[in-house]
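J.: The listed protein sequences derive, respectively, from chains P and R.
Residue numbers for the first sequence follow numbering that gives the first Met the number 0, beginning at 0 and rising by one.
Residue numbers for the second sequence follow numbering that gives the first Met the number 0, beginning at 0 and rising by one.
Quick caveat, the hints were computed from the structure, so don't treat them as lab data.
Note that CB positions come from ideal geometry on N, CA and C, so glycine has one too.
Heads up, a few of these hints could be off.
Derived Cβ-Cβ restraints for the label pairs, each shown as a range [said to hold, decoys possible]:
(1) Leu-10/P <-> Arg-45/R: 28 to 36 Å
(2) Ser-63/R <-> Gln-15/P: 51 to 59 Å
(3) His-293/P <-> Glu-65/R: 23 to 31 Å
(4) Arg-45/R <-> Trp-272/P: 57 to 65 Å
(5) Lys-37/R <-> Ile-60/P: 47 to 55 Å
(6) Lys-37/R <-> Asn-58/P: 22 to 30 Å
Listed below, chain by chain, are the residues.
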Amino acid sequence: MTEYRLSGAELEAAFQTRVDDERRIEPKDWMPDAYRKNLVRQISQHAHSEIIGMQPEGNWITRAPTLKRKMILLAKVQDEGGHGLYLYSAAETLGASREDMIEALHQGRAKYASIFNYPTLTWADIGMIGWLVDGAAIVNQISLQRTSYGPYSRAMIRICKEESFHQRQGFEILMALAAGSEAQKAMAQDALNRWWWPTLMMFGPHDSESAHSAQSMQWKIKRKSNDELRQDFVDQTVPQADFLGLKIPDPELRWNEDRGHYDFGEIDWDEFWTVVSGNGLCNRERLARHRKAHQDGKWVREAMRAYEEKRRARAA
Amino acid sequence: MTNDRKLPLYEVFVRSRRGLDHKHVGSLHAEDGAQALKYARDCYTRRSEGVSIWVVRSSEIVASQEEDAASFFDPSDDKPYRHATHYRLPKAVKNL
């Protein structure tokens, strides 16, 4: 146990000063309970998203169009599993246990990115996940490299480095489809039509509606607001869509010379809340699959424990 | 009056600045963790090299063997597609 010499109010003031001065908070430092809780919620949600995100992409590993694409997709899905592990271990430095986090996911108390509750119907969807979904995640994660909690920040730096391959492989899939037959182009356009709006929803509710935003910004857990990040994403993505010759399904999308940004239409928030509250197209399927995988792995965990006990007994 | 029992060896990790990882700097002998911390401070941070120190009993560290490196790390040798530079993008495409 670490002992602290200052009083509660002094500790809190020192904590906030440290955050304001852009010095990172480390696991053994004193921190407000709410900061710890808020971080565990956000980091575990982020970890769950990486792990659940393996499902919609894993869906296409056996059906990837070439051996090369299959190897790339395997490597990518393996990376997502690794990213989940970096994040779970960052949350564990805050005293959260892996079992509790998994339990919270299974009980629906912990969320994951709502985007993964949409199905991957065609190969173009794999391109869209790389280009749009990973692109949106990168915009968010780049800003989180400067998050105030040291282990989370370092996990983000590592993840961002690995993530750039994910986005590029997605874009490459789409370049191939966009340069292909009419049917391939139509497949790419159909995928964009389905993924565009859910991707914009990934950044969460408007700043004015976001439950955790103000406090998270003060503690510098979050460095940019939901709306700022969403705007960054739209601004960088529209020219890429133009390059592909694909049309973003938003009649209100246009360049605003005065603002120096793209204007875009309103998100269907009813759909967003439907998915977040567990009633999207694949919510039940994703959780059931995760529960089953966890259950199916039980004998492996038991066998490992039994083997270790036997080994120790022999050594003794 | 001689006691030949050797002091255990500790590995020392120093965080040079907030926000950075602890980095291995060396090792030392000490009776216990608390003593190892003090020795580490005197031995490895005499010029303010750190803001935090970790000490770990050397016997607790499990390490891969360099002689096995060829086969141990072999799985990542033939996967250039894990690197972003593997994907060639036209110059016109920005921010990717």
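J.: If a hint holds in the structure, say so; if it does not, say that too.
T.: Going down the list of hints, with the structure as the test:
no.	hint	verdict
1	Leu-10/P <-> Arg-45/R: 28 to 36 Å	29 Å, holds
2	Ser-63/R <-> Gln-15/P: 51 to 59 Å	42 Å, violated
3	His-293/P <-> Glu-65/R: 23 to 31 Å	36 Å, violated
4	Arg-45/R <-> Trp-272/P: 57 to 65 Å	58 Å, holds
5	Lys-37/R <-> Ile-60/P: 47 to 55 Å	53 Å, holds
6	Lys-37/R <-> Asn-58/P: 22 to 30 Å	56 Å, violated
Consistency with the previously given hints fails for numbers 2, 3 and 6, ordered from lowest to highest.
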